[in-house]
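Please put together the full structure from these sequences, using the hints given.
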Amino acid sequence: MKPLRKSTLVRLCHEMAAHPWRDQELDELVHPKLGIITSLQHLLNELEVLRGTDLGDLPPATSLRPERSGE
Amino acid sequence: MTERPLAFRTAGELTALMRAGTLAPAELLDCYLDRIRRHDATARAYITVTEEIARDAARHARARLDKDGDAPALTGLPYAVKDVIDASGVLTTGGSRVLSDNRARENARVVDLMTAGGAVLLGKTNLHEFAFGATGENPLTGTATNPYDPTRLAGGSSSGSAAAVGYGLAAAALGTDTGGSVRVPASLCGLVGLKPTLGRISSRGVIPFAWSLDHLGTLTRSVGDAALLLQALAGPDPDDPGSADAAVDDYPAALDQPIDGLRVGVPERFYFERADGEILAASEAVLRALEARGARLLTVAMPSMDHARTVSLTVQMPEALSYHSRYLGERGELYGADLRAGLALGQCLLAEHYLRAKRFMAFYRRQTNAVLREVDVLVTPATPIIAPKIGTAHVTIDGVREAVGNALTRYTSFFNMTGHPAITLPVGLHSEGLPIAVQIVGRAFDEAGILRAAGAVERDERFRVPPPDLVSSVDGAACRA
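Protein sequences, first through last, are from chains G and F.
Here the first sequence is numbered in my numbering, starting from 1 and rising by one per residue.
Here the second sequence is numbered in my numbering, starting from 1 and rising by one per residue.
Some hints could be false.
Here are some chain G residues pointing at chain F (derived, C-beta under 10 Å) [what the hints assert, rightly or not]:
id, residue
1, M1
2, L4
3, L12
4, C13
5, H14
6, E15
7, H19
8, P32
9, I37
10, L43
11, L47
12, V49
13, L58
14, L64
Note that these hints are calculated values from the structure, not bench results.
Note that CB positions come from ideal geometry on N, CA and C, so glycine has one too.
What follows is the structure in structure tokens.
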């Protein structure tokens with residue numbers, strides 16, 4: 001995976017249907033300064049690691065039901 | 001506890017006084033309204049005070065107490081709700097300019113249930129914009145402050161709910177918890193924070209942050225009060241698709257159950273690492289106290305937490321974006337910078353990322369269920385740090401630098417993904433004068449189990465935390481009942 005660039009995000013948002021994000025939001029994703037979110041690059045790296053984990057046939061989490069609580 | 005000033009007594013004590021006829025609902029309401037006028041400029045707890053609604057409800061409570069010897073358990077009790085929870089005819093702003101004109105047409109289910117229980121709605125409380133963030137900082141509505149030191153954070157995102165109860169401006173409050181947003185502010189402010197099992201309390205009429213992770217919860221002055229409120233709020237709601245159809249236990253009765261033989265799981269790593277030394281020492285003392293009362297301590301291996309924050313964030317932001325899409329077009333400029341960036345993050349993740357994260361949630365849930373077959377409850381510190389100064393962006397613990405919001409939710413957010421019930425309660429004061437808290441986690445739908453363990457801790461005099469040093473000397477006549 002190549003390092004993420006802001007220009008990629010700009011193209012992504014222009015070429016696919018997206019909300020009208022401003023430069024400052026896309027800047028924050030590439031070079032976070034607000035201390036709230038992790039950089040998108042870091043997140044993508046972590047997600048790439050998770051992709052390597054075999055979850056078998058486990059489906060996504062849904063609502064909790066009492067009869068399944070002991071599973 | 002009974003010597004505490006009126007505004008700092010527990011909900012159980014206050015309702016008992018009203019039931020006995022020694023305190024009128026209107027007197028108690030006047031006390032809180034008086035304190036709101038005196039302290040809220042510092043506390044920044046409220047966005048809207050619903051004085052008229054409260055006065056009507058207090059009159060109704062008085063009539064019920066006079067007429068009915070069996071008035072509901074919460075009759076006359078003034079409480080507050082986070083400003084994402086609808087109350088008919090009142091603004092629900094989410095702490096945002098986006099919804100500055102959003103007047104609710106109906107009550108949220110939880111407000112209906114509190115009303116049916118006889119409680120008196122005092123107002124809507126401050127929060128991190130749309131519940132996005134654990135610091136509670138909000139440039140629009142002001143930042144709720146910590147009752148033990150107003151230069152420090154109350155924590156978030158249910159910051160105003162914690163400040164309202166912590167400053168003695170309400171007897172109890174409701175909040176929402178997506179990664180710790182009830183438990184973290186309760187812990188920082190010396191209160192009890194309860195996040196029941198996912199779906200245990202209806203979310204109908206509540207602005208969501210992330211449907212898969214959102215839990216309604218309570219902020220109270222005691223474990224008994226948490227049980228009292230849960231009894232009023234728990235139960236299925238056929239009109240909420242996320243609501244669970246689970247049997248409701250007798251929660252107040254659980255508090256007095258002995259803990260002989262209780263199997264207490266102590267995670268072998270992560271939860272007792274990279275934390276303030278005094279917090280770790282207090283947590284150890286709680287474990288020893290439980291052991292002395294007959295509990296068995298067992299070391300347990302929890303699922304790996306290495307990527308837990310990534311999983312949580314990957315679920316949160318696309319879900320938040322999905323909800324806020326309806327406002328982004330016409331009102332997008334009105335969002336705060338941090339939330340807009342978070343929503344943009346949600347835009348840039350792939351569907352595969354989101355679904356993989358949801359599958360990891362199922363994986364975490366399955367693994368945690370397996371741990372909780374070996375033990376009855378888990379005990380951890382509630383937060384690795386005490387309340388930070390307002391404006392703190394990062395903290396460094398054991399040489400590791402971490403965003404303050406990440407640090408505050410490090411021990412809580414995992415249990416939003418698994419959905420297990422968790423309660424935090426104060427167990428001491430740090431040498432800097434700020435509260436320290438522990439977290440107790442239980443099996444799905446076994447809130448009675450965590451209340452039982454928390455009750456045993458709370459009864460131990462060594463863990464009593466005094467109210468903040470801002471009480472009776474500044475109270476007006478209204479609070480001298």
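>> Which constraints among the numbered hints does this structure fail? Numbers only, ascending.
In response: As far as the earlier hints go, 1, 5, 6 are violated by this structure, in ascending order.
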